[in-house]
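Enquirer: Next come the chains, spelled out residue by residue.
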Amino acid sequence: MANYKETFEDCEIEIKDDIHLFINGKLIDYQHDRAKNKFSSKYLPYTQYDSLLELARAIIQHTVEFSHVKE
Amino acid sequence: MAIRKDANTLTIAERTEFVTAIQALKAEGIYDQFVLRHANAIMSAIHRCPAFLPWHRRFIFDLERELQRVSGNSNLGIPYWNWPSGGANASMWDDNLLGGNGDAGGVVQTGPFRTGQWTVINSSGLPAGPLMRAFGQNGLPTLPTQTEIDQVMAVTPYDMPSWNINSNPSFRNQVEGWIGPNLHNRGHVWVGGSMLPMTSPNDPVFFMHHCMVDKIWHEWQIRFPNQGYLPANGGPFGQNLTDPMNNTPLGPIGSRPIDVLDSIALGIEYDDSVLQPQPSIPLIVVGAGPAQADIGTAGETDVFRFEIPSFGPYTMYTNGSSDTFMTLFGPNDPNIEVASDDDAGENFNSQITRNLSAGTYYLRIRLYSSSTTGNYAVAVRSADTSPSPTPIPIPELVVDGASISATISAANESDVYRFTITTDAIYTIQTSGTTDTFMSLHGPNSQVPEIASNDDEGVSFNALIRRQLLPGEYFVRVRHYSPIGTGSYTIRVTRG
Chain H
13 MANYKETFED
23 CEIEIKDDIH
33 LFINGKLIDY
43 QHDRAKNKFS
53 SKYLPYTQYD
63 SLLELARAII
73 QHTVEFSHVK
83 E
Chain D
412 MAIRKDANTL
422 TIAERTEFVT
432 AIQALKAEGI
442 YDQFVLRHAN
452 AIMSAIHRCP
462 AFLPWHRRFI
472 FDLERELQRV
482 SGNSNLGIPY
492 WNWPSGGANA
502 SMWDDNLLGG
512 NGDAGGVVQT
522 GPFRTGQWTV
532 INSSGLPAGP
542 LMRAFGQNGL
552 PTLPTQTEID
562 QVMAVTPYDM
572 PSWNINSNPS
582 FRNQVEGWIG
592 PNLHNRGHVW
602 VGGSMLPMTS
612 PNDPVFFMHH
622 CMVDKIWHEW
632 QIRFPNQGYL
642 PANGGPFGQN
652 LTDPMNNTPL
662 GPIGSRPIDV
672 LDSIALGIEY
682 DDSVLQPQPS
692 IPLIVVGAGP
702 AQADIGTAGE
712 TDVFRFEIPS
722 FGPYTMYTNG
732 SSDTFMTLFG
742 PNDPNIEVAS
752 DDDAGENFNS
762 QITRNLSAGT
772 YYLRIRLYSS
782 STTGNYAVAV
792 RSADTSPSPT
802 PIPIPELVVD
812 GASISATISA
822 ANESDVYRFT
832 ITTDAIYTIQ
842 TSGTTDTFMS
852 LHGPNSQVPE
862 IASNDDEGVS
872 FNALIRRQLL
882 PGEYFVRVRH
892 YSPIGTGSYT
902 IRVTRG
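Chains H and D, in that order, give the protein sequences.
Heads up, the first sequence is in my numbering, so the first residue is 13 and it goes up one at a time.
Heads up, the second sequence is in my numbering, so the first residue is 412 and it goes up one at a time.
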C-alpha cells in the first residue's frame, strides 16, 4: 500500500493506501469498475478515468466545487 | 402540445423567444432549481441505470412547462441538438441562441449566456463563476454521426441485468454511452466545461442535448412497440417500472418510469417524425450450414431468429476465431431469456443445447469483449437423430367444452393451446392433475404479448388464470414449474 500527495491547480490531492482519495482533505467517494479497471465519481457522471489520480485531477478541473475560475 | 424543433432550424423570433424564456426562469430562480434537482439527485439513480431515460424525460418535460408558462406560448418546445449537424460551426451556437465556445481559459464570452450575463451555481446553490465550454477538448473531438445513431436505434432490448454501465445488449446503455458508439456522454464531454459535472444543467445546451436523447428514445419506442421498459420489477429500487424515481417531485404527471413512457400522451411532438422501419431479423434455417456474420463495430449485437417446428433437442452454436457470447430468447417473445453461453463450443465459441418447444426463437450474439470486433458463423441444428419433425397444429380449447389431456414429457417442454373468445366476459383457464404446472396467457390475436401468468392459483399445484377477456384469439402456454420437471395434466377454459 502506498500513499501519494500532490498539489494540482491549487488543490491538494492525497491518496492513502492506494484506495482512499482526498481533495483538500475531503474524502471523495468513487466507483471502481473492475471489469474495465476504470474509476469514476458522482462529481463527473459522464466520464471514467484510468487511474485514481486522473480522476482527482479531473474533479479539480471540471467541478465548480473545486475549480477556481474567476470572472 | 410542445413542438420540439431542430435548434439549427429555429427562426430569429423562435430563438429570441426561447432565450428570453430561459432568462426569465433564471431571474425567477426557477432555472437554478432545475440545476439543483439534477445536481443533488443520487448520481447512480439517474445515470448508468435504466431510469436514466425516463428520469431525464420527466426533467426536461418539467422545464418545458415552465418555459411555456413564462413565454405564454403553450406550443413552445425545447429545441433539440441534432448532433450530426450541430458541430462548432452550427447556427445553434450563434449569438442569438446559445453563444459559442469558451475562450482560451474556457470562459464563454459570446451570446446571451456569456460571462457577466449568466452565472452558474454549485451544488449548494451558490454562485460559482461564468459558464464554461471547451468544444472537443476533453478527449472526444467529434459528435455522434447519423450512422452511429442508426446503429444504436437497432439495439434491443431496452436494458438488461446488471442494469448499469456493463449491461449489454442494452439500448439504454448504448444511448447513454457506456458501450457502443457513445451518444449522450459524448455530447457532454464534447461541450466540456460546465457540461461535465452533475451541475451540467447550468448550460442551457443541456436541455437541447437531452431533448435529442429523448427524441431518440421516443423513435425507438415507436420502432419497437413490443420492447417495453425494463426492469418491470425485480431490479434495484427506483429503477423498476412502477418505482418512484429519485429526486423527482410530484406534479401533473407521476414520478415513475411508467408515467412518462408515452411522449405523445405527454403532448410532445417532433418536427421531423420520420420513423425508421423495424429492421428485419435475419432468419436462420434449422439444419442449414452456418451463416457468416460479423461484429463490425465494438459493442454491436447481432440478432437472428429461427423457427422450431416441434418439441425436441436443438443446438445453437457459432464457429470461427471470435470469442462469441450467445443469448437465446423465446418462444415467440424476443424478451424472454431462455439461456446464455460464453465458451461451451469449440475454442471460445458459444453453444447452447437444450430442448425447445415449437415456436419462434431469437439469438443475440455479441463478442465477449465489448471493445473488439470480429467475424463468426452461426447455425442451429437438431440434436435429435430421428427423422425431421413435422409441425403440429396448435390444439384448440373450446370455451366450456371438453378438457384436453397432455403431458410434459421432457425437460423444458411447453405446450401451447389456442381458444377464441366471442363475448367480452370473465373467463377461467386452469389445469388439473398432480403436475405442478405454470401457465401464461397471450393475446389477443398474437402469441407475443403476455397478459397474465400463474403458478399455483388452482387446486394443489395447478395453475389458474381468471380474467376479463375481449373478443379475439388467445394462446395459453403450459410448462412444468421446474425446468426439469415432467408430468401429465388436463386443461380447460370456462366462462366465469
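Just to be clear, a hint being listed does not mean it is correct.
Within a straight-line C-alpha distance of at most 20 Å, the following computed EDC-like cross-link-like pairs (lysine to aspartate or glutamate) qualify [stated by the list, open to error]:
{"#": "1", "chain 1": "D", "residue 1": "Lys416", "chain 2": "D", "residue 2": "Asp734"}
{"#": "2", "chain 1": "D", "residue 1": "Lys416", "chain 2": "D", "residue 2": "Asp506"}
{"#": "3", "chain 1": "H", "residue 1": "Lys48", "chain 2": "D", "residue 2": "Asp734"}
{"#": "4", "chain 1": "H", "residue 1": "Lys48", "chain 2": "H", "residue 2": "Glu77"}
{"#": "5", "chain 1": "H", "residue 1": "Lys48", "chain 2": "D", "residue 2": "Asp443"}
{"#": "6", "chain 1": "H", "residue 1": "Lys50", "chain 2": "H", "residue 2": "Glu21"}
I should point out that these hints are in silico values taken from the structure, not numbers from a laboratory.
Enquirer: Each hint should be assessed against the structure and marked as holding or not.
Expert: For each hint, the structure was consulted:
{"no.": "1", "hint": "D/Lys416 - D/Asp734", "in the structure": "43 Å, violated"}
{"no.": "2", "hint": "D/Lys416 - D/Asp506", "in the structure": "18 Å, holds"}
{"no.": "3", "hint": "H/Lys48 - D/Asp734", "in the structure": "18 Å, holds"}
{"no.": "4", "hint": "H/Lys48 - H/Glu77", "in the structure": "28 Å, violated"}
{"no.": "5", "hint": "H/Lys48 - D/Asp443", "in the structure": "35 Å, violated"}
{"no.": "6", "hint": "H/Lys50 - H/Glu21", "in the structure": "23 Å, violated"}
Of the numbered hints stated above, those contradicted by the structure are hints 1, 4, 5, 6, listed in ascending order.
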